[in-house]
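**Student:** Which chain is which? The protein sequence lines are A and Z, in order.
Going by the working numbering, the first sequence opens with residue 1, and the numbers climb by one from there.
Going by the working numbering, the second sequence opens with residue 1, and the numbers climb by one from there.
It should be emphasised that the hints constitute simulated quantities derived from the structure, not laboratory data.
Positions of the beta carbon are idealized from the N, C-alpha and C atoms, including for glycine.
All the given hints hold, so there is nothing to weed out.
Listed below are the simulated DMTMM-like cross-link pairs for lysine to aspartate or glutamate, each with C-alpha atoms no more than 25 Å apart in a straight line:
id	chain 1	residue 1	chain 2	residue 2
1	Z	K96	A	E124
2	Z	K96	Z	E78
3	Z	K96	A	D41
If you want the ones that stay clear, here's a sample from chain Z, every Cβ over 10 Å from chain A, calculated:
id	residue
4	L33
5	T39
6	P116
7	P291
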Amino acid sequence: MSTAGWIVIAVVVVLALWTIWAFNRLVKYRNRAEEGWAQIDVQLRRRYDLIPNLVQTVEGYAAHERETFEEVTAARSRAESAQGVAGQADAENAVSSGLRQLLAVAENYPDLKANANFLALQEELTGTESKIAYARQYYNDQVRLLNTAIQSFPSSVLAKTFHYAPREFFDIEDAVRAPVQVEFEGQ
Amino acid sequence: MHEQIAANKRKTVLLIILAVAFTGLIGWLIGYLFFYGGTAGLIIAVGLALALSLGSYFFGDKVVLTSTGAKKVTPEQEPRLHNVVEGLAIAAGVPKPEVYVVPEVAPNAFATGRDPDHSSIAVTQGLLQIMDRVELEGVIGHEMSHILDRDILIGTVVATVVGAAILLSEIFTRTWFWGGGRRSNNSGGGDAGILSLILFAVGIFLLILAPLAGQLIKLSVSRNREYLADAEGVLLTRYPPGLISALQKIADAPHAMRAANNATAHLWLEQPSRVPGKDTSTIERLFSTHPPIQDRIKRLEEM
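Please model the complete structure; the sequences and the hints are all you need to start from.
**Tutor:** Here is the structure:
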């Protein structure tokens with residue numbers, strides 16, 4: 001075969017290999033982003049499950065703080081039916097602020113703060129909130145990789161051909177680590 | 001990170017080949033010198049070494065956990081630890097490792113296993129007592145990085161192979177001394193003479209092997225990986241002050257570890273044999289499995 005023929009074959013092989021590699025990379029990032037979203041969902045559900053228990057425990061000591069209880073319960077049910085990444089994030093921020101208020105109420109009742117059941121619930125809540133934060137971090141990292149691959153040339157051509165769309169970042173307030181940071185800076 | 005994973009897998013294979021070849025050589029020599037033919041000795045020794053290597057690959061984590069006295073804990077027993085481990089597993093995108101606690105007062109931790117699907121994290125009782133949540137996250141983030149980089153694979157295989165070498169070395173040298181004492185009592189000869197000669201030869205081999213094994217640990221477990229795991233751990237927690245403060249607490253802790261064991265020293269977060277409250281000298285630095293803790297803190301502060 002002529003030299004030109006060999007060059008054509010080499011180019012075709014390299015192109016084919018690149019296409020396989022780039023396509024598999026898109027699939028990998030998309031699957032990881034989906035896994036990340038599923039994990040966020042698991043952790044958010046765990047938090048929804050904790051809220052009625054927490055409200056019930058605090059109610060036993062501070063029955064007259066009805067407004068706070070209603071607020072957090074309402075935020076919870078709104079969040080459960082929220083749609084889309086941005087909508088979910090907004091609803092979760094409301095849940096977080098409701099929970100912060102609930103815990104602030106608990107601060108005023110020393111008996112409640114010493115209650116073993118409350119302490120266990122508080123640990124579960126803190127653990128779940130940090131898992132939400134970590135799941136969000138993982139999801140956003142994967143979305144960043146996916147979106148970069150989709151938008152940058154030449155893999156953007158592949159993305160367009162196979163209908164890969166950029167995903168939305170999940171932006172919620174960091175409820176867990178913010179107060180700790182303040183404490184550290186104060187030292 | 002991918003280069004790190006590949007390098008660790010390569011090193012593990014190399015280590016196993018070396019261990020098998022070395023044991024095979026000993027077997028061949030014993031057979032050749034004492035049983036009029038080396039082939040049987042070679043086959044037996046290679047078989048044993050292969051079994052040991054496979055065992056260390058599949059059950060090395062259990063051996064390491066048992067030898068350190070680690071006990072598995074449930075989420076009910078240690079809710080905070082379980083929550084932190086699960087959180088960082090989510091951050092790293094790997095399954096949650098099994099969670100163990102070591103009954104030790106000195107604050108320390110290690111990870112073991114062969115890959116992210118088969119991994120365990122163990123922390124000491126002392127660590128749980130003195131660390132707050134963010135510090136614990138810093139420590140677990142560091143261990144999670146060892147899991148991600150497959151440092152646990154090479155570390156666990158080294159621990160089991162070296163542990164077996166140290167154990168054999170002790171058994172043979174003790175038997176040899178004991179046998180030697182008896183030989184001088186009766187003028188002996190015949191079978192007993194051959195047996196003590198065998199033990200003598202094996203003992204010499206293993207006396208050479210034991211310090212070699214120590215060097216092997218140092219070669220395979222580069223101290224740079226501790227800096228790397230610190231940096232990657234912080235990448236997971238996104239909060240360097242947590243790990244900095246944890247390392248400072250470990251440096252300030254007044255207790256040394258009871259179970260300071262040569263075979264597993266390199267696996268721990270901080271070298272178990274290090275005397276607390278004392279600065280490390282240059283010579284110690286050359287022969288240690290871990291970089292000085294203050295250097296690690298300095299590097300984290302610069303990030």
